[in-house]
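Asker: The primary structure of each chain is shown beneath.
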Amino acid sequence: MGPTTVKGRAFKFGNDISTDLIIAGKYAHLRSNLPELAKHAMEDANPDFVKLVKPGDFIVAGSNFGLGSSREHAPLVIKMAGVSAILAKSFARIFFRNAINQGLPALICPTDGIADGDNLEISLDEGIIRNVTRNETYKFTRIPPAMLNILNEGGLIPYINKHGDLKL
Amino acid sequence: MGKTISEKILSSKSGSDARAGDIVISSVDLVFVQDTTGPLTIRQFKLGKKQTLASPSRTALFIDHASPSPSRQLSNDHTFIREFASETGCLLFDAGCGVCHQIVAEKLARPGDVIVGADSHTVTAGALGAFATGMGSSDVAVAMSLGKTWFRVPETIRIEVTGKFCRGVGAKDLILHLIGLMGADGATYKALEFTGNAVDSMPMWQRLTVSNMAIEAGAKVGLFPSDRITREYLKKQGRGNDYAAVAADSDAAYERTIKVEASSLEPTVARPHTVDNTATAKSLSDIKVNQVFIGTCTNGRLEDMAEASSMLKHKKIHAGVRLIVCPASRQIYSDAIKAGFIQTIIEAGGIILPPGCAGCLGLHQGALGDNEICLSTANRNFKGRMGNPEGLIYLASTATAAASALTGRITDPREVL
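Just so you know, the protein sequences line up as chains R and F, in that order. Letter by letter, the first sequence follows residues 1 to 168 of the numbering used here. Letter by letter, the second sequence follows residues 169 to 585 of the numbering used here.
If you're looking for bench data, these hints aren't it; they were derived computationally from the structure. As the structure is a computational prediction, the values presented were derived from the model and not from experiment. Among the clues, some could well be false.
[Unchecked claim] Which chain F residues face chain R? A few, computed with CB under 8 angstroms, are given here:
no.	residue
1	P236
2	S239
3	P557
4	L560
Don't be surprised by glycine CBs; every beta carbon is placed ideally from N, CA and C.
Go ahead and model the full structure; you've got the sequences and the hints to work with.
Answerer: Listed below in structure tokens is the structure:
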């Protein structure tokens, strides 16, 4: 998972951010050219996102983040854009699994108190999010152990290569 | 305590007493990818230490999302997929065969199977009683290699549908109504199980429509028990021996039950930009449409072609409308030609596309212009879905789509039937 405390700014989004908003189907021709594809991350939700996001920053959203397609390119382009974790009230099932499989923390927590541009510090070990801008603290739901093991290895493929098999 | 269909299938495939909430490792009976998720899956597979497929004869690659290819890059992706098929000896369904989920139903899915596909509409095969679910490329790559995957056994929401559908109302209206009721995340992480006397008599093409859209409520699977209709469908496809009995126990534990009286349903439409934003077709009669799209893994079946054809016979579509019709598979296309449906649709002013996903995901064959409105029989209306965030997508049944093509506005099919 890398460093256990990550710092960055919040990029705020609403509810029901679909995989089409994260990376539109019209860019399917770029899916074998990931650096080019990643230039369009979140484009239809916030056209300036890729220009403004800095390494370590966070996507903060409402409920049902990542609904829709199974395209693993969705968490992949978010990670390539520099995002260190996604915070949402809830995630769509396939996206949640895909994010963990790509080694990208997807954290379930209350997000109404976080505004666009807030500075956050997240302690992945402690399960705590500190909103430095607002001097508030939130807890995130612990990632299920089976998935935490995958996340801690940096994703599913590194996990399988290390352990040789799926283990519970 | 008895078991739901999900608990029974996952118990059998994991060799354990699987109950809702358990994490299990399950064997996988069929694994597949399509051309927009396949290249990443193959690359993830090649990053793994194990470089062989667990079961080449039960691994399938489909070229359907961009087929035939509209661009150099996608053509190169197709080449990459074809090379992997010849290296590994797995199944390849090349351009022209049709949409993966339709072909899985026609040729591959068996009741009681666990099926994972790198496409969210893999849930379609739930209509045949298969625990079929969409996953990302890494999970599917591992399932290809190890022949297994892990699941959290889902809780089940029982959907009990009773009574008879009114004329002009059917499975698409039912599932749109349910998604409107439950919300786009109302069944997240859950299984849906369909039951009731309206389900017992529901033909396979309609069951496939219902299961296909289970994911639009967030569900992991949308399951029908196997029965006489499943058996007859498999027999008709030359796969009578693939039949197996799949049913929940009578004392299975459900998270909740949603009851629907079929006769109370109306032609239903999902408005932009979420599938749960539903309204009756009648209430949207002032919405003019630029494009009507009949096809996809939701509503591109022979019976959809028949329905469109019967409504368009000896008529012309509205002057301001493009009607795009795409049979979901080669078998459907061929049967629709033999039955005269294609001729009728062309004479009414429709455009026929080759079997595949067509304009559904905005790659080609029907991208929308700014502020254009499409009434589509597909399963998603997300912003940007059909190639343009400034386009507006409404979702409806084939009957509502054909009626709207005739009038140029969203039309309750009972107005023209």
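Asker: Determine for every hint whether it applies to the structure shown.
Answerer: Here is how each hint holds up against the structure:
For P236/F, the interface hint is violated, the least distance from its beta-carbon to any beta-carbon of chain R being 14 angstroms, above 8 angstroms. Satisfaction of the interface hint for S239/F is found here, the shortest Cβ-Cβ separation to chain R being roughly 5 angstroms, below the 8 angstroms cut-off. Nearest Cβ of chain R to the Cβ of P557/F: about 4 angstroms, under the 8 angstroms cut. The hint holds. Because the closest C-beta pair between L560/F and chain R is about 14 angstroms apart, greater than 8 angstroms, the hint is violated.
Going down the numbered hints, you'll see the structure goes against 1 and 4, while the others check out.
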